[in-house]
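Colleague: Each chain, letter by letter, is given below.
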Amino acid sequence: MTRAPAKYAHYLADFHSLTEGPGAGAPAWLQDIRDNAWSRFSGTGFPTARRGNERWKYTNVGPIAKIDFEFPLIAAAANGSKSLVPTYAIDGLAVYDLVFVDGRYSPELSSPAAGSNGITAASMAASTRDGSLDIENHVGRYAPLDDDGFAALNTAFLHDGAVIHVAHGHSEKTFVRITYLTTNGGEPKVTHPRTLLVAGRNTDVTVVESYTGPKESVYFTNAVTEISVGDGAKVDHYRLLLEGENSFHVGTSRVKQDKDSSFNSASFILGTALARNDMEVLMDAPGAFCSLNGLYLTTENQHIDNLISIDHAQPNCTSRLNYKGILDGKSRAVFGGTVMVRRDAQKSDAEQTDKNLLLSKSAEVDSKPSLLIYADDVKCSHGATAGHIDADTLFYLRSRGLDLNAASRLLIHAFAREIIDTVKLEPLKEYLDTVFTAAIPNKSLPIGVTK
Amino acid sequence: MTTAGKHSTPLLSIKGLTASAGDLEILNGIDLEVFAGEVHAVMGPNGSGKSTLANVLAGRPDYTVTGGQVLFEGQDLLKLEPEIRARMGLFLAFQYPLELPGVRAWQFLKAGVDARRLHHGDEEMSAREFDQMLKAKVAAVQIDPDLVKRAVNEGFSGGERKRNEILQMAVLEPKLALLDETDSGLDIDALRIVSDGVNMLRSPENAVILVTHYQRILNYITPNYVHVLFDGRIVRSGGPELAHELEEKGYDWIKDTVDASV
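Same order as they appear, the protein sequences are chains A and B. Everything in the first sequence is counted per the numbering used here, starting at 75 for the first residue and increasing by one. Everything in the second sequence is counted per the numbering used here, starting at 14 for the first residue and increasing by one.
Misleading hints may appear alongside valid ones.
No farther apart than 30 Å at their CA atoms in a straight line, the calculated lysine-lysine pairs in the DSS-like style are these [as the list claims (entries may be wrong)]:
(1) B:Lys188 with A:Lys498
(2) B:Lys188 with A:Lys503
(3) B:Lys188 with B:Lys148
Some but not every residue of chain B turned toward chain A, in silico, with C-beta under 7 Å [as the list claims (entries may be wrong)]:
(4) Ala71
(5) Arg73
(6) Arg100
(7) Val116
(8) Gly125
(9) Arg129
Simulated restraints on C-beta separations [claimed, not checked]:
(10) B:His132 with A:Lys289: 31 to 41 Å
(11) B:Asp200 with A:Ala449: 42 to 52 Å
(12) A:Ser185 with B:His132: 46 to 56 Å
(13) A:Leu445 with B:Gly60: 44 to 54 Å
(14) B:Arg163 with A:Glu504: 20 to 30 Å
(15) B:Thr77 with A:Lys404: 25 to 35 Å
(16) B:His132 with A:Asn516: 41 to 51 Å
(17) A:Leu446 with B:Arg163: 28 to 38 Å
Just so you know, these hints were derived from the structure itself, not from any lab. Cβ coordinates follow ideal geometry from the N, Cα and C atoms, glycine included.
Let's have the full structure, built from the sequences with the hints guiding it.
Modeller: Here's what the structure looks like:
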């Protein structure tokens, strides 16, 4: 541990504070995971856009590395934070709410599931302490430490987060809402939220993972999510990045799908100073289906990087990848989509698209969808577009009485709506529609030709 | 010529209109008066400027008006943004209606109706009232009700798009409808639906300018006047019989008579 470069000294100090403070008394396996992860992180550090590092070619994490973020050892009081929790009512479903304030579970704001009916939705720190769940065999198994420093750093700080376990055969719909919020006050904060979802055989689970914080504050959310989708299970997963405008967010999500399972994901990302949404789905058994959708909206100098990978490791799997971006100001978006079809993965069916709507002349997108195909009997397609609103289309709307602003908003909204419509929960869909509609910039647009 | 209406001032009055696209002069001095209750057919060979005329009147930004005057209900039309013209009751049925992915027909049409109502100081139409009105219009213009549930023109055939224009016209109830070669490329059934839509709109209160290359649609819509455009000018005006004459003799006949008079 002494090998840590000086620039990570404050992370090392916080690492000691955690293991000796709130994270003390952890089982040996957990402390081993932390120690191992710390040595990985201190060896690799944060990624740089050096030659050959395709994963970070267009995104500079210098602004994150430069700031000495403070790791909150004591969670802020929950009161006053409640207003930050996204509000949408889910009727007719048992809803388990897990709320984390500055990285710590908030019993006041949460309504957990205790496991009595086959469903556990609880604080990871508590569950690790009382040994009520088999966390050891799942945590760190899907999210490896060797991709880059962020997952390793999160794992070194493994302590609290959400753990959801739905027992085999529990086929009733389970709905869990997880909210990670960072509070105002003090130095810029860093949190390392960790989410583990284990959906047993033939279960039906919906998880909404929301990240939020004060509008103006500088803070850093370094999240890792691990999801295991059992045989025949169905998981609907929503990631809502509703972070503050000056925040940093790096999210690493790893999903493993078993036989005939279904994983539907939608990521909604409103601009932060810098956001990275790194999601990887491993289709590890035949007959799996996944649908990964995303919508991102950026303004000013914001930067969003989506790195989405789907690994067709086994035959007869189907994947759909559809991301859309709306870019204003001098913002920049990066999309790296990779669909890998391995040699044995015959009868794979994969489609991926990334479409971007540019609302200003100085917004920029680097979109690189790619297919790596090693099997011969497959059906795969990919495509990417970036363009301004089409002048003829605007005139068509104006000729029906809509002014420029209304016409633009209608077209931008229609562009976004395709992704919002993939949300299966009506109240969540309406909530997201409201949030994104409000975020559409009110301005006259540069007119160009959409390719 | 007969006067079709009792109105003493024209709905539309065009005087000496010239317009260009880039460096290219397309309209070289158009004079035309249209009164409420009238249907005018504007015919002409390719490149004569007939589509340009319709688009300039609707305010398409691709064209620059270089001279002349256009009054619509006494107001200087050329100074107004396209959406204001639309709200005042001008409607252009597009030659190539565009796809609007993700924009539902319902939403699009209601936005148009409400924009016009607000412009005239009325309140937005309630969703319920609009639903009923739309249903009635869909039935009246004999359009497949499913088309209205889909995104505007997305995946529509050429004929379906043209029919959708007629539905939009029926919903927006314009005072002056400009049909830009709406009949081109239609089979006989679609042509009948388009014609019925136009005939349904005809009333003593409004007018239609039918831009067309072919005489065929005039078998279904009887115009009060037929104008022949050539080289950006109206070179001949007459009654419906002029269309038949054109059909017999072809546009070369017009070209020859114009050349002879120069």
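Colleague: Indicate, hint by hint, whether the structure satisfies it.
Modeller: Here is what the structure says about each hint:
1. Between B:Lys188 and A:Lys498, the direct Cα distance comes to roughly 44 Å. Violation of the 30 Å bound is thereby established for this hinted pair.
2. At most 30 Å may separate the alpha-carbon atoms for a hinted pair to count; B:Lys188 and A:Lys503 exceed this at roughly 40 Å.
3. With a CA separation close to 22 Å, the supplied pair B:Lys188 and B:Lys148 stays within the 30 Å bound.
4. Taken as an interface hint, B:Ala71 checks out: its beta carbon lies about 5 Å from the nearest beta carbon of chain A, inside 7 Å.
5. Annotation: B:Arg73 was flagged as interfacial toward chain A, and the flag holds, the nearest CB pair being 6 Å apart, inside 7 Å.
6. Interface restraint check: B:Arg100 against chain A, minimum CB-CB distance 5 Å, threshold 7 Å, status holds.
7. Given hint, B:Val116 at the interface with chain A, holds; its Cβ is 4 Å from that chain's nearest Cβ, closer than 7 Å.
8. Given the 7 Å rule on beta carbons, the hint for B:Gly125 holds: about 4 Å separates it from the nearest Cβ of chain A.
9. Because the closest C-beta pair between B:Arg129 and chain A is about 5 Å apart, less than 7 Å, the hint holds.
10. For the pair B:His132 and A:Lys289, the supplied restraint of 31 to 41 Å holds, since their beta-carbon distance comes to about 37 Å.
11. Roughly 46 Å separates the CB atoms of B:Asp200 and A:Ala449, a value that falls within the hinted 42 to 52 Å.
12. About 51 Å separates the C-beta atoms of A:Ser185 and B:His132, a value consistent with the hinted range of 46 to 56 Å.
13. Distance hint check for A:Leu445 and B:Gly60: the Cβ-Cβ separation is about 46 Å, which falls inside the suggested range of 44 to 54 Å.
14. A beta carbon spacing of about 22 Å between B:Arg163 and A:Glu504 agrees with the range 20 to 30 Å that was offered as a hint.
15. Checked against the hint of 25 to 35 Å, the C-beta distance between B:Thr77 and A:Lys404 comes to roughly 33 Å, which is consistent with it.
16. For the pair B:His132 and A:Asn516, the supplied restraint of 41 to 51 Å is violated, since their beta-carbon distance comes to about 20 Å.
17. A beta carbon spacing of about 36 Å between A:Leu446 and B:Arg163 agrees with the range 28 to 38 Å that was offered as a hint.
When each numbered hint is compared with the structure, violations occur for hints 1, 2 and 16.
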